[in-house]
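A.B. asks: Below, each chain spelled out in residue letters.
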Amino acid sequence: MRLLPLRDAIGTYVKDGASVALEGFTHLIPFAAGQEIIRQQRRGLHLIRMTPDLVYDQMIGMGCATRLTFSWGGNPGVGSLHRLRDAVERGWPQPLTLAEFTHAEMAVAYEAGASGLPCGIMRRPVASDLAKVPGATVQELRCPFSGDTLALVPALKPDVTILHAQQIDARGNVLIRGIVGAAKEAAMAATQLLITVEEQVDTLRADMNALILPSWVITAASIVPGGAYPSYAQGYYPRDNAFYLAWDEIARERSSFSAWMDRHVLGVADHAALLRTLGVAA
Amino acid sequence: MRLLPLRDAIGTYVKDGASVALEGFTHLIPFAAGQEIIRQQRRGLHLIRMTPDLVYDQMIGMGCATRLTFSWGGNPGVGSLHRLRDAVERGWPQPLTLAEFTHAEMAVAYEAGASGLPCGIMRRPVASDLAKVPGATVQELRCPFSGDTLALVPALKPDVTILHAQQIDARGNVLIRGIVGAAKEAAMAATQLLITVEEQVDTLRADMNALILPSWVITAASIVPGGAYPSYAQGYYPRDNAFYLAWDEIARERSSFSAWMDRHVLGVADHAALLRTLGVAA
Amino acid sequence: MSAADYTRDEMMTVTAARQLRNGAVCFVGIGLPSAACNLARLTHAPDLVLVYESGTVGVQPVVLPLSIGDSELAETATCIVPLPEIFTHYLQRGRIDVGFLGAAQIDRFGNLNSTVIGDYAHPQVRLPGAGGAPEIAAYAREVLVVMKQTARSFVGQLDFRTSCGYLEGAGARQARRLPGAGPKAVITDYGVLRPDPTTDELELTALYPGVTIDSARAATGWPLRTARTPEVVPPPERRELEVLRDLHARTRAAHTRPIKIEIEVPT
Amino acid sequence: MSAADYTRDEMMTVTAARQLRNGAVCFVGIGLPSAACNLARLTHAPDLVLVYESGTVGVQPVVLPLSIGDSELAETATCIVPLPEIFTHYLQRGRIDVGFLGAAQIDRFGNLNSTVIGDYAHPQVRLPGAGGAPEIAAYAREVLVVMKQTARSFVGQLDFRTSCGYLEGAGARQARRLPGAGPKAVITDYGVLRPDPTTDELELTALYPGVTIDSARAATGWPLRTARTPEVVPPPERRELEVLRDLHARTRAAHTRPIKIEIEVPT
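Residue numbers (this note's numbering), protein chains in the order written: chain Y, -10 to 271; chain X, -10 to 271; chain Z, 882 to 1148; chain C, 882 to 1148.
Keep in mind the hints are simulated off the structure, nothing from the lab. Just so you know, nobody snuck in bad clues.
Over 12 Å on every C-beta distance to chain Y, these chain Z residues come out as not near it, computed from the model:
| id | residue |
| --- | --- |
| 1 | Asp890 |
| 2 | Arg1033 |
| 3 | Lys1065 |
| 4 | Asp1077 |
| 5 | Pro1078 |
| 6 | Ala1108 |
| 7 | Arg1109 |
| 8 | Pro1115 |
| 9 | Glu1118 |
| 10 | Asp1127 |
| 11 | Leu1128 |
Here are the computed distance ranges between Cβ atoms for each label pair:
| id | chain 1 | residue 1 | chain 2 | residue 2 | range |
| --- | --- | --- | --- | --- | --- |
| 12 | Y | Asp(-3) | C | Ser883 | 48 to 58 Å |
| 13 | Z | Gly904 | Y | Ala120 | 34 to 44 Å |
| 14 | C | Gly1037 | Y | Ala120 | 47 to 57 Å |
Where is the CB? At the ideal position from N, CA and C, for every residue including glycine.
Please construct the entire structure, taking both the sequences and the accompanying hints into account.
C.D. replies: Right, dumping it as structure tokens:
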């Protein structure tokens, strides 16, 4: 594990054309890392994430991605991701190829990747047209024991997984507390694992059975307070639901979107400055 | 979830001929439940457990079991399970049919059962003669994505899984803390789930990400302090390693084994009395 | 209580809540399903078990989450499990009694579209997509659908079948041996539709007070069958409305609270 | 330090410990492997990562566990994961550098038997069985075997192949494309055997001080090949012995401490 400024971590480990999974289910979404990728103008990324959320709306709208693997692409509780829609419906700023799964399939795919397997297994394919779309890859299999029809889902093995977490200790072990989503599976599936954390502590304030990623599975970590905003970090700050509601307006039009990104992401040096422009940090 | 005395829980839910998994990996082995099964003279059980440990040595030696599914059958750090050996090598007190796996296979088999799958998936079968023994069931599979040879392991779905845990709260939710082994998977795989606990508390003393089994997945629970002895309960009492060492002598001969079981298991009413005969409890 | 005293949305939420028996294990989606489940929990079904796909099991939120992973859920849950387990150990394992779904389109057999309007490759409207819905539709013992009824959403032909109801009807679902029984009720802003036991076609079986069969038919994109005399759903009780409005008020307050983050940038 | 100052067991443990480079991730079994790994951690390899199959990752025990799941491991671990993850996310995923194995029998190609002596269906001796060994043997980047050398345990023909070494030798393992490289060294109470790079056959490459090639051959059930001039393993250093003996003394004290349990039987 190397402890690096976020700019250097992204600069070193996220290359044009890479497959990149920013995970964290509603909770601990690594916004700061996503916005740093935008600032560094990465191109041709294959973005992977169960719920693209606002962070991928921003990255897609800024032209970082040509491919998206996902299972639910909305603004939770609010509505559409307008930039994602614009890319899919009208190819702006560039076309986006979709590889679309259900949550259950994608969870199995991450778990397979985390387990060093080429595929994972599920019960019979559910009767969905998703099995017929371009990019559909789920295969049927007859169970040799029960005769049941099962499904095989190809493993997800991102080049880089990026997570946000609460704490890193002096030895480089990382604590994730609260809703964990598929963070652990995405972490273990990746070739390289980048972490942003709220703070560095001497010893993790963690239970014996807490979700801790040992330092030696981590490629690099960066200390980025507020790095999940407007998502949240359990024990640090809550989700800014008002921002999620406001995003619907900001992102609806290309012009208002671009203006917001210019001002708050491209126009600032780092995440701390972004939080200040939004009045979230002093 | 029903809260019952252990005698009633075993009497009601563990039937002759049932497949029964007492899990807990070194930690939280449900000895009290196993010994109550012996006291109630269950017969024809299919015992399932990754590491049979002393509890199955006792049950096998007392004639409860005709079948054993397992992946490592020794006295950890000490040597043989003499009663298991006597059953396999010389059919005493009755023959024991083995279904033998590796730890990795058995973990996958439990996970498949917990997931409602008929089988689980692994990488290529390792080059072991275990694939050739009577009762071997692992099947090969060619991965449709990578072309790799994979293995399918049939799911384990015990009729009854029994676990020991630290605490149950007023609503019947159960906390398992420390080394968890395959307890969660064995619990979720079972048709019926019995739990013994160290104590009942109003609210679990548990972290947000603790391993908690919700009351509604539990069939019945019993309060049995010391119920894992001579195994241990993290936060309550340590493993009695001296007893594990002593068991090697006790179980070596049929006569010394039977005398010990008569005195400490059959000759007492319950687990509290057993602990008293051993001088472990006052 | 007269129709002027409550909105159609409220009537719909109250009706959905009433479908839930105490002690049931519900897989809850965001929005109206979440409101309905929590209303039920705070009224007639205190032991309702709410499972959200974020991995939170047995949650008892005081405000409604905007997303399915708000900290409110984590803080009030019996336990938090990794997300994959929600789909394997709970849903696929058959431990969910009731799945709650919404969609952009529904057809007469309760099949649902939440993927695209138009052609998949060149959609007019790209919708959020499947999420957990296809597996909920397949594995939950029974499904409740909650959707506003319009001729554009209750359609003769789905643009895309994301999640299955009764497929082509007349036993087609059973023939596929899907584990769950399928949609038991569709709660709309007009009333309640239930499947005919033989044809599996949705039939209008209940109407809200003051709502006519004709208006419900006009809001349906296929020739809607109706029970000979649809029941009239009793209007919300005072307590139901109070609890629901309190919940929404607390939620609005929580969701507009400004966030402040302390940052100490490392040097 | 002369041979009278230490036992063969100690020499064996010290030699095994010396095989471990600092920072390596080791999958540790109980007994001598555990002693060797912890000796290494307490001497030249403080950043050795010890993983036990009980799900404890990064343990730093002060006493040696008797079982692979003692509370000592849980209390000193970086993290505890469910046991299945040790085999999926760590071992099968290729995250283990060194696997440590023992067995009842080994053959000239480093294949191991820990299942039965005699016929499987009617064994003379039923051994504990596979445990984690077959997957450790297959997936760990490299394997170290630690076994006392006798003509009964170093055999021409295994009664049962539980875990693979180099299979039939001469590249057979590579041809099967097993992920790990196989046994890199077999540490015995006579010295160290290593595989010939071409034939894969184990060859005596090092002897403990005062041990003869002939005595090692007599303790081997096949015609043992030896390096032209086997190295002599340096005897244990004073510090190695001190640390090892302290560890064992603490362990003995811990394992004989009487257990008292408070029971309040519910009424």
